[in-house]
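Undergrad: These protein sequences, in sequence, are chains C and B.
Residues 1 to 227 (our numbering) are what the first sequence spells out, left to right.
Residues 1001 to 1119 (our numbering) are what the second sequence spells out, left to right.
Misleading hints may appear alongside valid ones.
Said to hold, decoys possible - Label pairs and their computed distance ranges (CB to CB):
#1 C:SER91 / B:MET1041: 46 to 56 angstroms
#2 C:HIS168 / B:GLU1094: 32 to 42 angstroms
#3 C:ASN79 / B:GLY1014: 16 to 26 angstroms
Because the hints were derived from the structure by calculation, they are not lab data.
Built from N, CA and C at the ideal position, the CB exists for glycine as well.
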Amino acid sequence: MVKLTDEQVEYVLNEIKARGVTIEDLQYNLLDHMCCIIENEMRDEDDFYQFVNAVFPRFFNENLVEIEKETILLVTFKNYYAMKKTMYLTSVLVTAFMILFSLFKIFHLPGAGALFVITVVLFSSLFLPLVILIKLKDESKKTEKMVYSFGFLLGISTSIGVLFKLMHWPYAGILMLSGVSIFTFIYVPLYYITQSRTTKDKYQTILLSILMFTVGGLMFALFDLKH
Amino acid sequence: MYICPMYSSELLKGTLKTIVLNLLKEQGKMYGYEITQRVKMLSSDKIQITEGALYPLLHALEKQGDVTTHEEFIGKRVRKYYSLTEKGTVSANEKVNELSDFMLTLRFLLNLDSTSANG
């Protein structure tokens, strides 16, 4: 069995670092593993450097950093599923509270205001932020991540604006007007431009853009800009 | 990248966690290289766990609280030993029971008992 010198161990560690592994814990795991392989499999007549370079490809398909990526993915995977579960649960709660609120409002029952506050708080402070986080994880392209996040952030500001308006709280007008204006005149054109470049289904992009623009435009028309 | 060489990786992908947890349950504490060699030996070289699959899994198990670690310094190297926590022991038992039940179901589903009896 070969005994490695400190310089040789240092060389292997530097090779691991040079190949893109940045998590210190993983670097030392791989270092020990690599040293064990060398000590057990290298013959006295073998060249150390050639042997090391021949052993490295055993650890990966394309490059060593795959192990780090897989580690990060596995470590964060559990949170990802917890986030998705919470998002589904919140969507069910939001729908249930919204139906209850509508019934209370129609029949003029007490507690409608409280139900509406709960619905909007759940929607804008839990559901939409979770959707943004999941979209950031799911989408691979930076533009897609930015466009979706921007859209959902506008959704948060507009829904809070609606809550302020219905509860007769101050600054409701500014919140709603800014949300609706940015959505209609900035987000929709931005969505159309980015999606029509990347999506194969151009018809759906055009249709969605027109729909969003019309809804945004109608809401914008409701504002009395003179007051 | 996962487990090789005799069985397809699709077939064995879901069993790696069970194999590692059960080994740690039986052996007490082990380090990465030792785990790969033990699996290789016990399976007569039919299953070889790759490093690319083992270390991400060990890190995930540590993060989830299924395993605990302690380090030993060997010159400039640090050897990390993994052992099961109480939660990990429960997980190991659950995983082994689940897999064993799955194997029984597969035997029934693929009609392997009658095949082996006839053969």
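Undergrad: Confirm or reject each hint.
TA: Tested hints:
1. A hinted range of 46 to 56 angstroms for the beta carbons of SER91 of chain C and MET1041 of chain B is consistent with their spacing of about 50 angstroms.
2. Checked against the hint of 32 to 42 angstroms, the pair HIS168 of chain C and GLU1094 of chain B fails, with Cβ atoms roughly 54 angstroms apart.
3. One distance hint, 16 to 26 angstroms for the beta-carbon pair ASN79 of chain C and GLY1014 of chain B, holds here, with the actual separation near 21 angstroms.
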